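Chemist: Got chain D sorted already, so can you dock chain G onto it with the hints?
Those protein sequences? They're chains D and G, same order as listed.
In case it helps, the numbering used here puts the first sequence at residues 291 to 918.
In case it helps, the numbering used here puts the second sequence at residues 12 to 387.
Just so you know, these hints were derived from the structure itself, not from any lab.
Since we're looking at a predicted model, the values are computed, not measured.
Beta carbons are placed, not taken as given, at the ideal position from N, Cα and C, and that holds for glycine.
Be a bit skeptical, because a hint or two may be false.
What the hints assert, rightly or not - Covered stretches of chain D (in silico footprint by chain G; criterion: 3 or more residues with CB under 8 Å from a CB of chain G, positions within the stretch not fixed):
(1) 558-571
(2) 684-694
(3) 804-813
Claimed, not checked - Coverage of chain D stretches by chain G, computed from C-beta distances (three or more under 8 Å per stretch; other residues unrestricted):
(4) 820-826
(5) 873-879
What the hints assert, rightly or not - Computed cross-link-like contacts, DSBU-like style, restricted to lysine-lysine with a CA-CA straight-line distance of at most 30 Å:
(6) Lys238/G x Lys565/D
(7) Lys354/D x Lys275/G
(8) Lys321/G x Lys573/D
(9) Lys729/D x Lys207/G
(10) Lys238/G x Lys573/D
(11) Lys729/D x Lys321/G
(12) Lys242/G x Lys440/D
(13) Lys565/D x Lys207/G
(14) Lys433/D x Lys238/G
(15) Lys321/G x Lys687/D
(16) Lys321/G x Lys615/D
(17) Lys615/D x Lys275/G
(18) Lys448/D x Lys466/D
(19) Lys321/G x Lys777/D
(20) Lys321/G x Lys783/D
Residue-level listing of the chains:
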Amino acid sequence: MDYKFQINLRGIIELLSNHLYSGPEVFLRELLQNGVDAIRARQNLEPDHRGEITLEVLGGRGGKTPTLVFTDNGIGLTEDEIHRFLATIGQSSKNAEFWERPSDFIGQFGIGLLSCFVVSEEIVVITRSAAPSLPDGKEGRTKGLEWRGKPNGTYTIKVIERDLEPGTQVYLTCKKGCEEHFEVERLVERATHFGGLLPYPIRLISGNSSRPINAEGPPWRRRGGSEKARRAALLEYGRKTFDVDFFDAIPLHSSVGEVEGVAFVLPFSPSLATKRTHRVYLKHMLLSESAEDLVPDWAFFVKCVVNANDLRPTASRESFYEDDKLASTREALGQCLREYLFDLAKNHPDRLQQFIALHHLSIKALAVSDDEFYRLFIDWMPFETTLGDMTLGEYRKEYPVIRYVAHLDQFRQIARVAAAQDLCVLNGAYTYNAELLEKFSEVFPDEQVEEVDPAGLTQSFEDLSLEEREEMFALLKSADLVLQPFKCSAEIKKFLPHELPALFSTNADAGFLRSAEQSREICDALWSSVLDNLTAKHGSDVYAQLCFNYGNPLVRKLAQLRDRNLLRRSIEMLYVQALLLGHHPLSAREMALLNEGLLGLIEWGLNATASQPSPPERGRGQGEGGTR
Amino acid sequence: MTTDYRGEIEELLEQAEDLPECSSKLALLEEAVRLADTHRDTELGDEARDALIQTATFTGYPEKALVAFSWRLAQADRAPEQFPESRLMWEYKWVAGSLTNFPQISRRQIENAFEDMEARFRRSGYGMRAIYKLRWEAALDMGEPDEARRYYRLWDKTPRDANSDCIACEQDSRVEYHVYFGKHEKALQLAEPILKGSMSCGTVPERTFGTVLLPLVRLGKVDEAAKYYRKGYRLASGNRDSLDYFGDYLTFLGLTGNFSQGVKLFERHLGWAVETMDLYARWLFYLGARFFLPLVAQSGQTELKLRLSKETPGYRADGRYETKELASLIDRMCRELAEQFDARNGNDSFARKLDKQKRLKRWATPYPLQRGRDGN
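Next up, chain D with everything else stripped away, as it sits in the complex (with noise of 0.2 Å):
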């Protein structure tokens, strides 16, 4: 009898093309997600069955068409199932939810039959029910039957007059052009990379060879030998799977989503701008090599393999689809890394150094959000201070109080001077470390933590006395008139070291109105307009400091200068010399300050020795400044 498809063709146009997308080999994983599905279904009805799957390739030497008879021994189909299936690819354009994939069997039998077109002409399936006959006993539900499919929409069904064992064998007839997918070697590599974790022997025949693709089954699936053996076989797999040899192997299990599986420890640091991607097997049959937010987001150090019994996959088929199940595997699986963690830390401290160098944006992450891993974790991690590198707990040791800056160029200014009176400053700038240091003193509440502000560190150095104010006093007056349309102030302190004349410091405001005054001063009309008002806001308050250090010879024979223009000029001098040593990128007007400056001072240089009777000899030199 002929019949035709009642398919809307639109509808598999996009189908084919949606599954296209990875690759015209998807046939292969149709193929065998239909044949599992079917034994699965068989052994419902049969529980002691055993299943079995074989792909055979006929032909294909000498010019002739290959054909791949793809073989299973699963439930079989009825004839009316044949006719249902058909229905299913008939609905599937009209119906989003299909995209989901149903978990009736039969309607995803037919959606998958569908992509083997794109490799083959036509497609023969023989086929027997193993399912006991109905009652009203119709002729040929028990008898094998022969359904021939083509593209152009047409198909027929016959009877199969001699017995029949129960399953389906699917035959596929090479299209021309298609004849890759069809030679053996890759198709033992396809069908090992989809099914190769199947539960259920596939065995690949071409002539007289016969080859086992999935001999082995899940590796974590494997039972007995010593715990070392067990991590050295998964660490084996990742070497298989991955051609990297991991740091270590972390068995995973989450009852929710019925996950099982091994998370591999990356042995470089990854880099936190691409996200992590795991390869992820659903009931057994290859989802994704890419799927994303399987583990919490502060895991960036492994790469898993797992299955998934009890998860949905999302309508590309490329990760798991996101809802509470997931995330409550995501939780669970989270917690396995997190033991794995805590074993280090009490276990193997070695290890733990090792884990620590490579991963600590992982542990600094996760430490941030988890209180009792913070606790456990944060005195190994470790941080750039103003003394060298550190971990916490080695500061922690020396110093009471933590105390840390939050941005870089805070830190560059004050490492200098800090490192100079023995002050350990933490830098905070980097991925979690402000987040990490703000987070101390809640979870240990008497613990002191200070972020230092730059601005504020001037002000835990020494005051002068009494008598020190008066003698610089007009030091300072000149210097606040000077430095006045900079939009700076200055203050003279006692710190160390000794040889700086003056430290130069902003806050975060502060810094931000230099970098718009570099874009203003280069800007057109419009520009410059819209960066006043930006920065409008911002008022004349936010003051930057240049603090003078009334230790520094240089800076106390200042003080006594009566000669207006030269101490001028020395101020502007050493406010530029502080910018400069602070990685303050100069204005147009300090830099004009520094040409004019240089000038200024090699002028005076040259007539003050003018009128000496013959120049001081080069190396004795008369100190700093050149003092008359």
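Modeler: Chain G alone, transformed into the frame defined by chain D:
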């Protein structure tokens, strides 16, 4: 000072490249800019700013993007052969699009910027589509619906070109436009390809998840809204650039009676709102809080225990805040911001938003979210 500052800058840029868009990355790039400027190296200064503008834009520091961009533009004007301006036209969109967010920037200046942009786009051979979009978005932000409609139509008619926003961003903007005009069903229909996952980019779908929350509640689809809230918050919770739609999150959590989640969100992100120079983002966040906090008070929680930063107005060292007091503080700050924006815009659209806000209450639909999951 090291002589090999170029190596140092390149290392900073490389380190930055390895990081996702975050404030640490921004700090590295700022350091690179500073170093380049210190050595008066315009070439590296330009390169570092290029990266900085993107990071600043997508981590919620539009003022830093603006400052760096104006510098690049000036360099392009000074040495057009060395720094061709056409390379700047993509980021010009980000910067021009943020101008309305600063009430201290005048209408005249905004208009001038659009005109400048048009001239430069023409010189670089780009069509006007991207600018029309910016113009209708700006008109919406400044409370001028007629102007917005006019530019929306122009935008729709103008073909896409290489400098148009990506398809996902354009679609997301269409959704926002329709939400603004109260066309909720149409908005959701437009949002569908994004919500289904067939359109996405760096900021979509997160942004769209935020935009559709309230329309969904209004159409009685609270369960769907809850789903997008959860997804969206997970994706966006670490990024300050999301501050502007967290206000809608607060409104949503208020409408659905999820007070403890809302209080957590408020506590966690209030610091960003206080800190940011993007006053429009601050306004949107405060606006959500202004709706949310009185509902919390009504539910019987008269006092909140919050860990807020010291810079927060009304900060208390003991962390105990009276809900009502906090609500009226937020209300006051909303009014101040509304005044600033309305003064700039020359209308009363912000003040009217405040007046109309309580009408939202009639859409209240209790819908308890699961707790203890994914950032909640």
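Chemist: Are the hints correct? Go through all of them and say.
Modeler: Verification of the supplied hints:
1. Check on the region 558-571 of chain D: 3 of its residues sit with their Cβ under 8 Å from a Cβ of chain G, so the three-residue criterion for coverage holds.
2. With 0 residues bearing a CB less than 8 Å from a CB of chain G, the region 684-694 of chain D misses the requirement of three and the coverage assertion fails.
3. Taking a C-beta to C-beta cut-off of 8 Å, the region 804-813 of chain D contributes 7 residues in contact with chain G, enough for the three needed, and the coverage statement holds.
4. For the region 820-826 of chain D, the assignment as covered by chain G holds, since 5 residues bring a beta-carbon within under 8 Å of that chain's beta-carbons and 3 suffice.
5. Here the region 873-879 of chain D counts 4 residues with a CB under 8 Å from a CB of chain G, which clears the bar of 3, and the coverage holds.
6. Distance restraint check for Lys238/G and Lys565/D: the Cα-Cα separation of roughly 22 Å lies within the 30 Å cut-off, and the hinted pair is therefore satisfied.
7. Only pairs whose Cα atoms come within 30 Å are accepted, and Lys354/D paired with Lys275/G is rejected, the gap being roughly 69 Å.
8. Proposed proximity of Lys321/G and Lys573/D is contradicted: the alpha carbons are some 52 Å apart, above 30 Å.
9. Proximity of Lys729/D to Lys207/G is assessed by CA-CA distance (about 38 Å); at most 30 Å being required, the pair is judged violated.
10. Annotation: proposed proximity of Lys238/G to Lys573/D holds, straight-line Cα distance about 26 Å (limit 30 Å).
11. The suggested pairing of Lys729/D with Lys321/G holds, with an alpha-carbon distance near 14 Å, which does not exceed 30 Å.
12. Restraint check: the Cα-Cα separation between Lys242/G and Lys440/D comes to about 43 Å, which exceeds 30 Å; the hinted pair is violated.
13. Between the alpha carbons of Lys565/D and Lys207/G the distance comes to roughly 21 Å, so the proposed pair stays at or under 30 Å and holds.
14. Between Lys433/D and Lys238/G, the direct Cα distance comes to roughly 49 Å. Violation of the 30 Å bound is thereby established for this hinted pair.
15. Proposed proximity of Lys321/G and Lys687/D is supported: the alpha carbons are some 29 Å apart, at most 30 Å.
16. A C-alpha spacing of about 39 Å is found between Lys321/G and Lys615/D, which places the hinted pair above 30 Å, so the restraint is violated.
17. A distance of roughly 23 Å separates the Cα atoms of Lys615/D and Lys275/G; the hinted pair therefore holds under the 30 Å criterion.
18. With a CA separation close to 27 Å, the supplied pair Lys448/D and Lys466/D stays within the 30 Å bound.
19. At most 30 Å may separate the alpha-carbon atoms for a hinted pair to count; Lys321/G and Lys777/D meet this at roughly 26 Å.
20. Straight-line distance between C-alpha atoms of Lys321/G and Lys783/D comes to about 28 Å, which keeps the hinted pair within the 30 Å bound.
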